[in-house]
Amino acid sequence: MLKLDITKAFDSVSWPFLLEILDHLGFGRKWKQLITGLLATSSTRVLLNSVPRQPIRHQRGLRQGDLLSPMLFVLATDVLSRLFLKAEEMGLLQPLATRALQHRLSLYADDAVMFVSPRQDELQFVKALLHKFGVASGLKTNMSKSSAIAIRCEERDIEVVQQHMECALQDFPCRYLGLPLSLRRLNRNDLQPYLDKIMDMLPGWKASLMARSGRLILVKVILTTLPIHLLITLDVPKWFIDVVDKWRRRFLWRGRQELNGGHCPVAWRIATKPLHLGGLGIHDLWTLAWALRMRWLWLEKTQPDRPWSLLKVTIPALARDMFQLSLITNIGDGVSTLFWCDRWLQGKSIPELAPDLMPFVRRRGWQRHTVRDALHNHSWINDVIGGLSVQATWQLLQLCDAVDQAIIQEGQPNEHKWLPAASGKFTTKSAYDRFMIGGVSFEPHKRLWRSWAPLKAKFFVWLVLWNRCWTSDRLQRRGLPHPESCPLCDQSAEDINHIMLSCVFTREVWFLMLSWVGMGQLASVSDDESFQLWWGRLARRLDKDQRKAFNTLVILVAWEIWKHRNGVVFDAQQPHVQHLVQEIKEEAQAWARADAKKIKAAHIGSIFDRGL
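Numbering (UniProt numbering), first residue to last: 1 to 612.
Derived by calculation from the structure, the hints in this document are not laboratory data.
Among the hints, a few may not be true.
[Stated by the list, open to error] Distance condition first, Cα-Cα at most 35 Å in a straight line; then the derived DSBU-like pairs of lysine-lysine:
{"no.": "1", "residue 1": "K220", "residue 2": "K429"}
{"no.": "2", "residue 1": "K197", "residue 2": "K312"}
{"no.": "3", "residue 1": "K312", "residue 2": "K446"}
{"no.": "4", "residue 1": "K145", "residue 2": "K8"}
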């Protein structure tokens, strides 16, 4: 395998060569004039003492950053691919050893990989062809920076390559398109550079200066997405996922500080659930990897002519089973549908229709025989072996009748429908959500996450709903110092429902705030009612167009009550209802200014308008 280095690819494309390609492909005169104008007007200026000098007119190359440049570059490099295809047709290049590898040249921008046989005549031809292409197009190959990687070659083959290609020898794994290519399973040393790339980003984020809500956004948007390029292509080991999860967990809860179990208010398996199941919406990397790799199965079904379609793609068994359960096929030519595994017969798979028959079916035929092959001369019967039970025999007879009704339609592709998506087309999101079926719904998730409150306040109330705030009862269970009674009322033991709702101090605050917005009649609280149930009961009594503003108010009051409680505990402040109510109103003003259009649109006697 040759990994080629094309010298200054974008900057060296020959303009006459590119225009000749456009003419050969049938582009019109106006289009070629437009491209000529774009190329001819390109120039560079050098800043000298912050003053731009005279423009330097370009004579070759494509504009960097221009949206059209990558497409023009593809047209130029496509010539090289066609040259090698033509050479193979003429017998100048030996055919590839495996039918699964349909193209010997892989080009992506200026990254090129080529498969050649280690024969003297072929190596000399490849070198000459690359040289002639470079002279014509300006895309010259720098052999001194290129590398050759042996794939099951003998020692004399390696010597031939060294003698004729004048490039460095390299061993697997090598990197191509940001991914490690290897003939064996990747070990820790091979994957460590990708972990280092993630780790190197953390110090610059100043996690100690960020609220948890800000760190949550970085975890979801950056730390979770960085390994996706690997997860979609490689079967990464469990330790890799564990390391990334450790860093995500530590960054969320502790920033850059060391983390142990006691520092995590909520278990990571809960935090990585979707919002409607009580989590923070952080993707679980294992499940995400399965969902990402299921796309290969979808493309195998719907686009079997892709160049990689004959290559073996490793898919976890659980992901493959979920894919087969989520896909229904209407038979056309039967080429891309598996007879024994896929759901093609009456909307079901054969294991669903004849479960007692399946123990008598050869396992090796499950993932090999297509519907087209199996129906030809009823060859699927040959996969059934052994002495069948009475029930298996009965199901076999029923299956024969059902299969006889299936008709192969020559030239008509199969129609595949992805059940989790309304469009019937596969999406990674729908596949990920499919794995979440069966989870216990988190009832207040809409009231919490669809409100207009800032994320930091929502994050806090999420902890309240999971009872993960450090109130006296939780401190006592862990043998930690704690107040003997509620710091606000000094009458009862403190727990999260008491401090948020049933404390006499808190009840007065709720009454004053709800009365402020004309909802004082909702302030009644039962002694045994939890904060979550009380919130839900009140929200259901309001019209839909009032609920979002009301939910925002509830989150605001709960947030300010907790801040006031912490001021009493840690700063020796005195509990004061009127001061707290005034702080809530001032914070309401700030929230209204931050998102005034949405909040003022609420029809609840205008909750926040009174503070403006």
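35 Å Cα cutoff - pair K197, K312: Given that 35 Å is the threshold and the Cα spacing comes to 29 Å, the pair holds.
Agreement of K312 and K446 with the hint, judged by alpha carbon distance not exceeding 35 Å: Roughly 43 Å between the alpha carbons, so the hint for K312 and K446 is violated.
Pair hint outcome, K145 versus K8 [Cα-Cα no greater than 35 Å]: holds (12 Å)
Proposed proximity, K429 with K220 (alpha carbon, max 35 Å): holds (15 Å)
Of the numbered hints given earlier, the model fails hint 3 alone.
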